[in-house]
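Participant: Sequence:
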Amino acid sequence: MTTDSALPTFVAESRELLRQMEAALLECEQGDADVEAVNAIFRAAHTIKGSSGLFGLDHIVAFTHVVESVLDRVRANTLQMDKELAAILLECRDHMEQLVDAVAAGKDQDASLAANGARLLQKLNGRTGGPVQATGSTQAVATPADSAAAIARWQISVQFHTEVLRNGMDPLSFIRYLGTLGEIVELHLLTERLPPVDEFDPEACYLGFQIELASSETQQRIEGAFEFVREDCTLQVQPKASNTNDAASEQRAAIDVKDSQNGKSTKDGKPGDNRSLRVDGDKLDRLIDLIGELVTAGAATTVTARKAGLSELNESTLRLARLVEEVRDQALKLRMVQIGPTFSRFQRIVRDVAREIGKQIRLEIGGAETELDKTLIESITDPLTHLVRNAVDHGIETAEVRRSRGKNAEGVVRLHAYHDSGSVVIEVADDGGGLRRERIIAKAIERGLITDGSALSDSEVFALIFEPGFSTAEQVTNLSGRGVGMDVVKRNVNALRGTVELDSEEGVGTTVRIRLPLTLAIIDGFLVGVGGSSFVIPLELVEECVEIGEEHRSTDNDQRYINLRGTVLPFIRLREMFSVQSSISRRESIVVIRCAGKRCGIVVDELLGELQTVIKPLSRLFSRIRGIGGSTILGTGQLALILDVPSLLEICLNSRQAQPTARRALVD
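Residue numbering for the sequence shown follows my numbering, starting at 3 and increasing by one per position.
For the record, the hints were derived by calculation from the structure and aren't laboratory data.
Where is the CB? At the ideal position from N, CA and C, for every residue including glycine.
Careful: at least some of the hints might be erroneous.
Unchecked claim - Straight-line distance between alpha carbons at most 20 Å, and here's what the computed SDA-like set of lysine to any residue pairs gives:
1. Lys-600 / Asp-384
2. Lys-618 / Leu-296
3. Lys-618 / Ala-333
4. Lys-85 / Gly-131
5. Lys-618 / Ala-302
6. Lys-109 / Gly-55
7. Lys-618 / Glu-542
8. Lys-242 / Val-187
9. Lys-335 / Leu-541
10. Lys-618 / Ser-459
11. Lys-85 / Glu-358
12. Lys-618 / Glu-314
13. Lys-85 / Val-187
To be verified - Beta-carbon label-pair distances, calculated as ranges:
14. Gln-82 / Glu-214: 19 to 27 Å
15. Ser-621 / Ser-461: 50 to 58 Å
16. Gln-362 / Asp-282: 24 to 32 Å
17. Lys-285 / Gln-82: 26 to 34 Å
18. Ser-585 / Glu-545: 40 to 48 Å
19. Asp-282 / Glu-201: 49 to 57 Å
20. Glu-214 / Arg-364: 25 to 33 Å
21. Glu-201 / Gly-342: 34 to 42 Å
22. Ala-299 / Asn-410: 58 to 66 Å
23. Arg-178 / Glu-15: 14 to 22 Å
24. Gly-360 / Gly-128: 34 to 42 Å
25. Ser-456 / Glu-545: 47 to 55 Å
Whenever a hint applies, use it, and build me the whole structure from the sequences.
Facilitator: Shown next, in the form of structure tokens:
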């Protein structure tokens, strides 16, 4: 492994550490500066500093070392972590992120970055009462699991392979990094592998080291110092047997405690293997694509087996289909990630925006453990950002207004996620002033969107704010008020086969509800036929199927609902909606679908059964057609369209007039 190939790993891990550092600093700024939060901040800065030294990034090492020294004083209770210091350290954390981003982009530190770093160091010096000096900051931070253990002696034997220099690694940098984990008591150079002078290769490495290290770190952390060179060295780390105070035993006990807390198994006093693996996203996407092709090929094999009529072949294809389904499910789980880390990033957005506009606002998070497809999380971040900023800027009132209305001076924005009917629901709510119905109607009439709003329901009125350029803001700010954003939110969510709903009560608050599919790749579908065309309905949205009676087979287009066991069920006919040119079937069925707590029926000619469906996106030419969410290839090679159930539900519930009106509603 060369330094160039290891650099992306350094960047990725540094960014993750910076996110953890930000979350802990926000806790401290809110007055929750407990010992573990300070330790987490210190660990992040300490690790980034050490890793930067391995790559010769001296400017990052120098800046982070000062931050680390300040944090060390906080840990030693010689400096108080108050809101002012936390705010300064947040700025320092942002500067560290800029330095890492510059490294990722292959750029050196420019003059503006250097000037900003100097400014921040001056702020730190002003807050701490003078130039910051290291007060033992080279010592590793003690966590609750190992704080009781004495400093142990570790015997480290490392023999670098001959190719390590050619691979771009500097063996001495790893020895220097060890010094940040404790005190190097003894260091012996191993020269047994030195060849005769006439056989000496100046580009080869023959060195090894025998090191005695005094440290309170765990064995795993000490071995981690050689992470970037593990493939180019022979490494052995073990407690020194001559520890008369039995510190090594205490250290091993601390390791066992930490590993058991992490769910690892231990054997012979050694920590268990790390069970996580970092995988490149492109490789994962390629795996999903191949499994999609496997699903399609398996469906074709099943069709062929049925035509052959051989019972043994049919049984084999059924077993194969079950295995393919299991592989599909496991592969999709690899792309499922918790939404919690994404939600946590909005803590900083709420904090910064609230400060900018002079409001007191806190963010509450719920359902952080809810999982959804990684691709969905990446795509939904921008819409969520706009909704959160809009809630802070327009939804929450100022402290004075809130007090006059009998509210707490501090406003609340809530992010909440949960699973519902095979979908993921993400809510952005605030306890602000809510939407003013009459003002929205007046603005809509002014823009020519409607002529009279008296007959509109609240949901229909609130839906008007998603029109392009629509805004009821009384003044334009740096954040919002220009009418740009809500229409983009809806368009982006619709592109993900999702829907946006909005509830609001004046004086109480507003809730925006985004409903998304669990995955964009492969789903379980229910295949139906209309004439010679095939359509797929997501299986988790299908409630039941009933045969439609003769009394509902009238050609009168005003007939758009049936009495289903005493309940009115509106329905639509796919034949009419998509103008399927074929004779009317003598037997029709209604597929009852439920989504977001609403129901409607879809009238079809045939019920063809369940199948695994590989979703293929439509081309841009058909992207504006409502009711269609994608396409798939059946085992017969035939193309089938995947129905966009939320859009069909909206058309079904809102279209009670003649079919030409419903047909015009197909296209936005």
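Participant: Need the list of violated hint numbers for this structure, in ascending order.
Facilitator: 1, 10, 12, 13, 14, 15, 16, 17, 18, 19, 20, 21, 24, 25
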